[in-house]
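*Asks:* For the record, the sequence lines run as chains Y and E. Mapping of the first sequence onto this note's numbering: residues 66 to 223, in sequence order. Mapping of the second sequence onto this note's numbering: residues 483 to 894, in sequence order.
Take these hints with a grain of salt, some might be off.
As the list claims (entries may be wrong) - DSBU-like cross-link-like pairs, simulated, lysine-lysine; straight-line CA separation at most 35 Å:
1) E:K671 to E:K556
2) Y:K133 to E:K822
3) Y:K182 to Y:K73
4) E:K493 to Y:K133
5) Y:K148 to E:K822
6) E:K497 to Y:K110
7) E:K636 to E:K721
8) E:K493 to Y:K148
9) Y:K182 to Y:K133
10) Y:K110 to Y:K73
11) E:K497 to Y:K147
12) Y:K148 to E:K497
13) E:K822 to Y:K110
14) E:K638 to E:K673
15) E:K497 to Y:K77
16) E:K616 to E:K721
17) E:K721 to E:K593
18) E:K493 to Y:K110
19) Y:K209 to E:K616
20) Y:K73 to E:K822
21) Y:K147 to E:K493
22) E:K497 to Y:K133
23) Y:K73 to E:K497
24) E:K623 to Y:K209
25) E:K822 to Y:K147
26) Y:K73 to E:K493
27) Y:K77 to E:K493
28) E:K556 to E:K738
29) E:K738 to E:K623
30) Y:K77 to E:K822
31) Y:K209 to E:K636
32) Y:K209 to E:K638
Unchecked claim - Here chain Y is said to cover these stretches of chain E; the calculated rule only asks that three of the stretch's residues, wherever they fall, bring their Cβ under 8 Å from a Cβ of chain Y:
33) 491-497
34) 812-824
Keep in mind that the hints were calculated from the coordinates and are not lab data. Predicted model, so just to flag it, every value in this text is computed and none were measured. Ideal Cβ positions, reconstructed from N, Cα and C, are used throughout, including at glycine.
In case you want the letters, here they are:
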Amino acid sequence: MDLFRNPKNLGKMEDATVVAVAGNPACGDMITFYLKINDQQVIEKATFESYGCAANIATSSIVTEMIKDLTLEKAWTDITWKKVTEEIGGLPSVKFHCGVLAVGALKRAIRLYFDQKKLTYPSWLSKEHTFEEKQALEEEELAKTLSKRMKPEAEKQQ
Amino acid sequence: MVGYCMVENVKELLKLHEGITHEVYLDNENSTTVPPEVLDAMLPYYNKKAYGNPTLTHKPGWEAFETIMGCFGKISRYLGAKNLEEITFTPSETEANNLAIVASCFAQKDKGKKIVISEIEPINVLQVAEMMSKFGFSTTKIPVNNEGFVNLEKLKEAIDNQTVLVSIAAVNNEVGTIQPLKEAVDIVKAKNPNALFHTDASDAYGRIPLNVQQLGVDMATVSSFKIQGPRGVGAFYLKEGINLERILEGPIGTQKLWPGVENTPLIVGFTKASELAFTDFEGNVAKLRALRDKLVDGIFAELTDLRFNGPRGDKRSPDNANISILRCEGEALTIELSLKGVYVSSGSACSRRLLQPSHVLIAIGRIFEEAHGSILMKVTRTHTEDDISYVLDVLPSAVNRIRGIVGSTGVH
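So here's chain Y without its partners, still in its complex pose:
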């Protein structure tokens, strides 16, 4: 709750090495992570922005705290949605997906780092999407489907 009131590491990072977005504002749930990664593949700094509920804000904020000074390998293997949920002191079950989405955004950022630098994936980085990345993709797909189901005949007001 304190992280909702006074979120740590909030805001855009101009000199970020990678920027990853997960979720969709249509779901009411969207996270952007900005990571500054040095040549030793250590996360020097992480910030976030969130269009989401209080749990979304708090889980995003705590992930940026947890990954600071970690190597990409450690961030990839150690940070799971269960750990994030524990770290935050538990979440109600309907909010589990907030933690999943935050970790999904993190994993997406790490994968993006290797993609953008055109580096071969290290052995710890699976070629297949992880559970959290898949969940993020599913949520984005769901948002698209829901948007399509919206009434085409309803005129936009104002």
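Mind docking chain E on chain Y? Use the hints.
*Replies:* Below, chain E alone, put in the same frame as chain Y:
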């Protein structure tokens, strides 16, 4: 473990509210504050008088019988019913709507299997109608325009000789649209005089002139807490001459459609709250409208990128304000406002256990982001100008803080 965590989290949340000096409860859609005069009217009925079962032959029983009959009489007058036997007290709006839909479908199952509702009906109409598919009934949902008015042409098209029930709320509970109910009833009855017409009038009762006989409806629902009465009681109107069967079985007391021992204190509280709403009805409505307009005008003066949901002017319920705040997630805003003592609800998926945005806002053509950033506020006659000024003091900074967290994320 999760349950335990939640209790601990709620304790922590409540602790954060310590030191709040001003509280304004605007979530009168979902519960309400009961004024002291209503509570004072109820309390003697727990242990001083009329605490008996109204069907039994002793003094506390006869007192209860006499009291409840008086309440039937008053509520039937406020609704414009013909006689008091047309009223049934139910545990709430939800039970009354279930009774209306389930009982009228069962009673007419040999005449047809079609239900017609609007697509912005409250959940306790929408889901009950959909549930009737288990018994072979189909539900047609009539679309609404971008202010929430039911499309009467489409309504006309949908009614045929298989239609057994039409249910359209007199006033929409989320966006305050006052439906052209008399016209809708006339359209339905002209095409099929046997189709029963039900209206959930919970958001109309005490806010707009309402007379079930003049409207020509067969059934109506009203709710106690929607007019600052106690929770746990509502009333169901059934026009004389229409036969419905009970949907629950049990001991029958003063009312044949709803079994069980009558809850005299709640019925008295609901009746008292109705009395307060209908004594100087015009004055109360003018007050609601003035407070609501001050609230809405104040918010629009302070903030940009807003959408007003539902109609403006005379076709809107006087108590209802529903505003979409762009680039501001609604659930986060309800928490931020709560920490300042202002209590509102949101159409955001996150603030609902279903994790789906408000079906009403989507039906009036709002995109998902607009639904997620919406807040619903309902003023009551017990709010003061100071209350609204306080809300206007704290709301802009709360919105700006949440918008700050959003940053450029999710902005198109």
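*Asks:* Under the constraints set out in the numbered hints, which ones does this structure not fulfil?
*Replies:* Nothing - there is no hint that the structure violates, so all of them hold.
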